[in-house]
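Go by the hints and put chain B onto chain A.
So the sequence lines, in the order shown, correspond to chains A and B.
Residues 1 to 315 in our numbering are what the first sequence spells out, letter by letter.
Residues 1 to 187 in our numbering are what the second sequence spells out, letter by letter.
Because the hints were derived from the structure by calculation, they are not lab data.
Where is the CB? At the ideal position from N, CA and C, for every residue including glycine.
A couple of the hints might just be wrong.
Chain A stretches covered by chain B per the calculated footprint, using a threshold of three residues with CB under 8 Å from any CB of chain B [unchecked claim]:
no., region
1, 228-235
2, 242-256
3, 261-271
Below, each chain spelled out in residue letters.
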Amino acid sequence: MKLAILGAGDVGRSVADLAGEYGHEVVALADSTTAAIDPDGIDVDQTLERKVGGEAVGPSDPDDIFDTEYDVLVEATPTTLGDAEPGFTHVSRALEADRHVVLANKGPVAERYEELRALEAEHAGSIRFEATVGGAIPVLSTIEDCTPQAVTAVRGVLNGTANFILTRMAAEGLDYEHVLAEAQDLGVAEADPTFDVDGTDAALKFVILANVLADGGFALEDATVDGIQNIPGSALDLAAEDGRTIRLIGEATRDGIRVEPRLVPENGPLAVTGTRNIVQIETRNAGSLHSSGRGAGGPETATAVLSDVGRLPPL
Amino acid sequence: MGNAPEAGDDPDAETDGGLRAYTVRLELVDEPGELLRTLAPIADNGGNLLSIHHERGNITPRGHIPVEVDLECPPDRFDDIVEGLRDAGVNVIQAGAEHYGEEINVVLIGHLVDTDLSNTLSRIEDEAEAVVLDLSLAAPEGTGDISSARARLAIDSGRSEEALAAINSIGTDKELTVVEPLLGGDA
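The shape of chain A in the complex, shown without the other chains (with noise of 0.2 Å):
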């Protein structure tokens, strides 16, 4: 397949070095300013040298890209909330030229999923959004194995920085500032970690989650979020004497979305530690299944975003 990749940060550039590894061609690299375009694939080193040392990533306009001859627009610029936008121009004018569209960007999965699933009846492309939940484990595809009509519920630990910050207030019986601090210096957490601490982040996945069971319907504003701002070191002391542990638990069905932190089992499944994630898929018929893996990270995500492009039909 051809790819269109909007979005250099580290997920852009990964899917970038990784495609031919999957037997893919890109076509196109773009950031929000620059573009490099060769319809008959661009040097994939060359381009992402640039774009590391701080040049422009090519001499193209970003929106060229709508004009080159690709099979799969891969959407892979920052989350936004609200309308999505503009992620959500990328992707409806991609399908719009029958074009398929593999996501990384959670925006428009998770606030805009009808007018998505609209648009893609329309037209001939389909979309694929792997990538926007729990980086490199397939938890959407599990859910389409299983038919999500099977699927009760989905729970899990779907942020990094949130489940390394409790881990090691827990370890270590630190108080969430300090534990915040080091998490900064280590790069786990951005220097502005509000969407990953107040449950945002992991919320966003579980609407999505919950829009893939229910065939649409939520939005962020849906969800119950509750983040882990307000844990003391010495609720986790309290929680242990009963072998108990606190994570910052996301929960889907198709009547809602919560996310808070909750009283876990310490040697449970879902007590995953450091930045690792896990989901728990709740089925009819087989019982629980549990995925755990790494949630994030550029290589990681876009081994997601690659295994999307293999399932997608031929146009």
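Relative to chain A, chain B alone:
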């Protein structure tokens, strides 16, 4: 613990399908046939015997034998059972001390001491119909600051969600953060 026991799976599951478990303490006269005579009103009024603890070696101050009977029945039948026992001349010492089918942990965070922890706990017992089995409090910054408490609660089987909803609304009233257990699936 913390998971709803699956029907038929857990020998300790106390209630199912609208039945609730009760414990009745009786005093029996030490005469042949007395125990059998005592149990008839339970069966006659729709109760199901779960266990009988017959302390033969232990005599009450009145010279009778204490017997503890665990039974289950629909809640609206329990008064009839106790009445049936009394009508049969059985001395009922204690009735209705329920066995609780589930234990859950919750962690409360906030100004627990300033907001009257003991009132919070009695409201949990009343409004969530729970029994506080165990409590630990941690106030590393002193009782005037944010503190945490872990409470282990006993509640009736199948009532976890209602009990947690009641505890959450108490938490909202008192501006406390309630960290609930995750009950679904096999967490």
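- Numbered hints the structure breaks, given as an ascending list: Violated hints: none at all, because every hint is consistent with the structure.
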